[in-house]
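*Asks:* Sequence:
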Amino acid sequence: MEITEIKVFPIEEEKLKAFVSIVFDRCFMVNDIKVIRGKDGFFISMPSRRKRNGKFKDVAHPLNNETRQMLEEQILSEYEQVIAARRAGGEAAPREKAPVVEKQPQQESEPPAPVPSEARAETNDEPEEGKSLDEVTEMHLRDSFWTT
Numbered sequence: 003m004e005i006t007e008i009k010v011f012p013i014e015e016e017k018l019k020a021f022v023s024i025v026f027d028r029c030f031m032v033n034d035i036k037v038i039r040g041k042d043g044f045f046i047s048m049p050s051r052r053k054r055n056g057k058f059k060d061v062a063h064p065l066n067n068e069t070r071q072m073l074e075e076q077i078l079s080e081y082e083q084v085i086a087a088r089r090a091g092g093e094a095a096p097r098e099k100a101p102v103v104e105k106q107p108q109q110e111s112e113p114p115a116p117v118p119s120e121a122r123a124e125t126n127d128e129p130e131e132g133k134s135l136d137e138v139t140e141m142h143l144r145d146s147f148w149t150t
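Numbers given in the working numbering equal positions in the sequence shown, counted from 1, plus 2.
Hints were generated in silico from the structure; no laboratory data involved. Treat the hints with care, since some could be wrong.
[Said to hold, decoys possible] With a straight-line Cα cutoff of 25 Å, these simulated SDA-like cross-link-like pairs (lysine to any residue) come out: (1) K53 <-> D42; (2) K41 <-> E7; (3) K36 <-> I85; (4) K19 <-> R51; (5) K57 <-> I85.
Please build the complete structure, drawing on both the sequences and the hints.
*Replies:* Shown next, in the form of structure tokens:
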């Protein structure tokens, strides 16, 4: 199983720095992964849902540390590239990831086919820099399969 696409939606909050969508093997998508700045650096938080008792439960998550580390390394690497591109004045487009066997430079390939949700396609509702956390959260909830 390989991550074949990573799309980063940066936001400007104190701790929450981005929402991320990833695609595995060009056939399975996971949305609403969060990039968070903690006291010891950046880390990812998997998508979760608030239960009736007020506690949060992961909707999807890795089952072992090796997989978690692989996800975190690739997601944070893409996050850093997107932030660097924005600082340089360019807008980073989502990139298809080459299958990774060992650490290798990424090879350029044909851009991936877009995988927008129907709601995003109808409203062209892409997160923009400067949107508030509430606006981004509302957009992600609206596009989430939980609301269908």
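*Asks:* So, against the hints stated earlier in the document, which numbers end up violated here?
*Replies:* 1, 2, 5
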